[in-house]
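K.L.:
So the sequence lines, in the order shown, correspond to chains X and Z. Last residue of the first sequence: 1229 (the numbering used here), numbering continuous. Last residue of the second sequence: 932 (the numbering used here), numbering continuous.
If you are wondering where the hints come from, they were derived from the structure by calculation, not from laboratory data. A portion of the hints provided could be inaccurate.
[As the list claims (entries may be wrong)] Non-contacting residues of chain Z with respect to chain X, defined by C-beta distances greater than 12 angstroms in every case (computed): (1) 757; (2) 803; (3) 853; (4) 861; (5) 871.
[Said to hold, decoys possible] Each pair of labels, with its calculated beta carbon distance range: (6) Z/697 - X/1220: 51 to 61 angstroms; (7) Z/919 - X/1136: 13 to 23 angstroms; (8) Z/919 - X/1159: 24 to 34 angstroms; (9) X/1072 - Z/695: 49 to 59 angstroms; (10) Z/737 - X/1072: 35 to 45 angstroms; (11) X/989 - Z/697: 51 to 61 angstroms; (12) X/1054 - Z/871: 34 to 44 angstroms.
[To be verified] Pulled a few chain Z residues facing chain X out of the computed Cβ check, cut under 7 angstroms: (13) 758; (14) 759; (15) 760; (16) 763; (17) 768; (18) 791; (19) 795; (20) 847.
Predicted, not measured: the structure shown is a model, and the values here were computed from it. Ideal Cβ placement from N, Cα and C applies to all residues, glycine included.
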Amino acid sequence: MSVDLAPQRAHGFGAAPWRRALSAATRCVVALLGLAIFIQAFIVVQARPQDLITGVHGMADLIRRAMPPDFSQLPATLWPALQTVDIALFGTFVGIIIALPLALLAAANMTPSRVAYYAARGLIGFTRAVPDLVWALLFVTAVGLGPFPGGLALGVHSVGMLGRLFAETIEQMDMAPIHALELTGARRIQVFSHGIIPSILPSLLGITLYRLDENIRSSLVLGFVGAGGIGFQLLTAMNLFQYQEVSLLLIIIFVIVLGAERISAELRERLS
Amino acid sequence: MLRLRGLSLRYPNGKLALSDFDLTVAAGEFVVVLGGNGSGKTTLLRCITRTVRPSAGEIWLGNTDLCALEGEKLRRARLALAMIWQHASLVRRRCVLSNVAAGALGRHFTLRTAFGGLPAAELGAARSYLAEVGLAELADQRAGTLSGGQAQRVAIARALAQRPQVLLADEPVASLDPEAAEEIMRLLQRLARTERIAIVCVLHQVELAYAYADRVVGIRDGRMVFDLPRAQVSREAVHRLYLPEAA
């Protein structure tokens, strides 16, 4: 009885020696390339691991001075905490209002023209490319300090992610029910509200909840540039060396972030 | 009710998909169109619905020539023209009743219906259409949970909610088992008789055409080969439609 070993030879134990050598050389080159990339990153960021060891005392001193958290400041931090959550809510809401019509224009299967498609894609890309901190600085300059510029910054920056993901969701939806509704004589807005929205609503809500979760985390940082919320209070406390207040604020931030993440994950799971 | 006169469609690449097609379907008449793949059956239906614009010819729906209309006038004229497909094309996340009532949206443009509300006046009628197709008990069930046969019957109920004069069906039983297919064909035949709807149904199942059609139209290479009462359609004539080369 004879067995044909040709397929095994081509791919495995019976392969020609030169092919095995080539394969080993390729693996070696890939490994060296990976190592080179890591080393250049190490050099560019001027990494000094030894400084971490010598700086441990300073960090320990800072933590010691931050303990125990100053809970007497709790009532005063509740309002900024609410502001932080509301900046994220406001920003997400503004983001949806701008992103949804843009997504319809930026979805290949819905757009009325190629010009509208590229214009919408360009706008969505631009809002995403500019970081939210830069948007916040721009809006602080325009409307002054406080939570409002923070909300606007998150709203505009959210358009980038929401618009792109909404457009992708629309492009992937089953178009047959939409064409069926069009042929019943339903008007465009009726096709939109009765066909498109019910088909993609769970996906849109899932994306929105994920973005809200992101926005809550972003709104904490926006306070650093004067856009209100608990971040502004954190910056002030650090500048005034009020480390016990800083530790209290960090606990509140931890609770907000973790709470938002859990609620968002729970709701998204229910939607799916 | 539906009259096609000299209907032709030539694609931009020069291919003639439909050539000088004449057809008249009276109210209450059930016409089955037979033909091989690529013979022009679906193109014929797409021309009638004006999903594609015919290169030449007329499509008369009552006293209206659909070929002469565009935009809002075409949308209004198309209200009398319902269509069902091989797949039911329901909005899967909405309930069965909402899907059926959506068939009447074209006649009800209010703030409520523009933003996802159903025409309240049509909900009762939608229930009766569901009863007519034998699915009254599934009104509140989500459309995505229905079997293929049930979904197709809901699609027919949605077409009825449109209150059409003409119903076009593009291989409505192609994805169904034989029993469900017979059920759908019986339903279409009954609707043609009782509701006086002119039905044009594209099929691949020759036996169903013999069993249910009033008239059978044969189409090959975009041309009508025969248009006869079903009793006069020979097996040989049907067989020739599916031969690789013209006999």
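K.L.:
Compare the structure with each hint and give your call.
P.N.:
Consistency of the hints with the structure:
1. 757: The claim is violated: residue 757 of chain Z sits with its nearest Cβ about 9 angstroms from chain X, within 12 angstroms.
2. 803: violated, 8 angstroms
3. 853: About 9 angstroms separates residue 853 of chain Z from the closest Cβ of chain X, which leaves it inside 12 angstroms; violated.
4. 861: Given that every Cβ of chain X is farther than 12 angstroms from that of residue 861 of chain Z, nearest at about 16 angstroms, it holds.
5. 871: With a cut-off of 12 angstroms, residue 871 of chain Z remains clear of chain X, as the shortest Cβ separation is near 23 angstroms.
6. Z/697 - X/1220: 51 to 61 angstroms: holds, 54 angstroms
7. Z/919 - X/1136: 13 to 23 angstroms: Distance hint for residue 919 of chain Z, residue 1136 of chain X is violated at roughly 37 angstroms.
8. Z/919 - X/1159: 24 to 34 angstroms: Violated, at about 54 angstroms.
9. X/1072 - Z/695: 49 to 59 angstroms: For residue 695 of chain Z against residue 1072 of chain X, whose Cβ atoms are near 29 angstroms apart, the range 49 to 59 angstroms is violated.
10. Z/737 - X/1072: 35 to 45 angstroms: violated, 24 angstroms
11. X/989 - Z/697: 51 to 61 angstroms: About 55 angstroms separates the Cβ atoms of residue 989 of chain X and residue 697 of chain Z, which means 51 to 61 angstroms holds.
12. X/1054 - Z/871: 34 to 44 angstroms: About 50 angstroms separates the Cβ atoms of residue 1054 of chain X and residue 871 of chain Z, which means 34 to 44 angstroms is violated.
13. 758: violated, 12 angstroms
14. 759: violated, 9 angstroms
15. 760: holds, 5 angstroms
16. 763: Result: holds, 5 angstroms to nearest chain X Cβ.
17. 768: holds, 5 angstroms
18. 791: holds, 3 angstroms
19. 795: The hint is violated - residue 795 of chain Z has no Cβ within 7 angstroms of chain X, the shortest such distance being about 10 angstroms.
20. 847: holds, 5 angstroms
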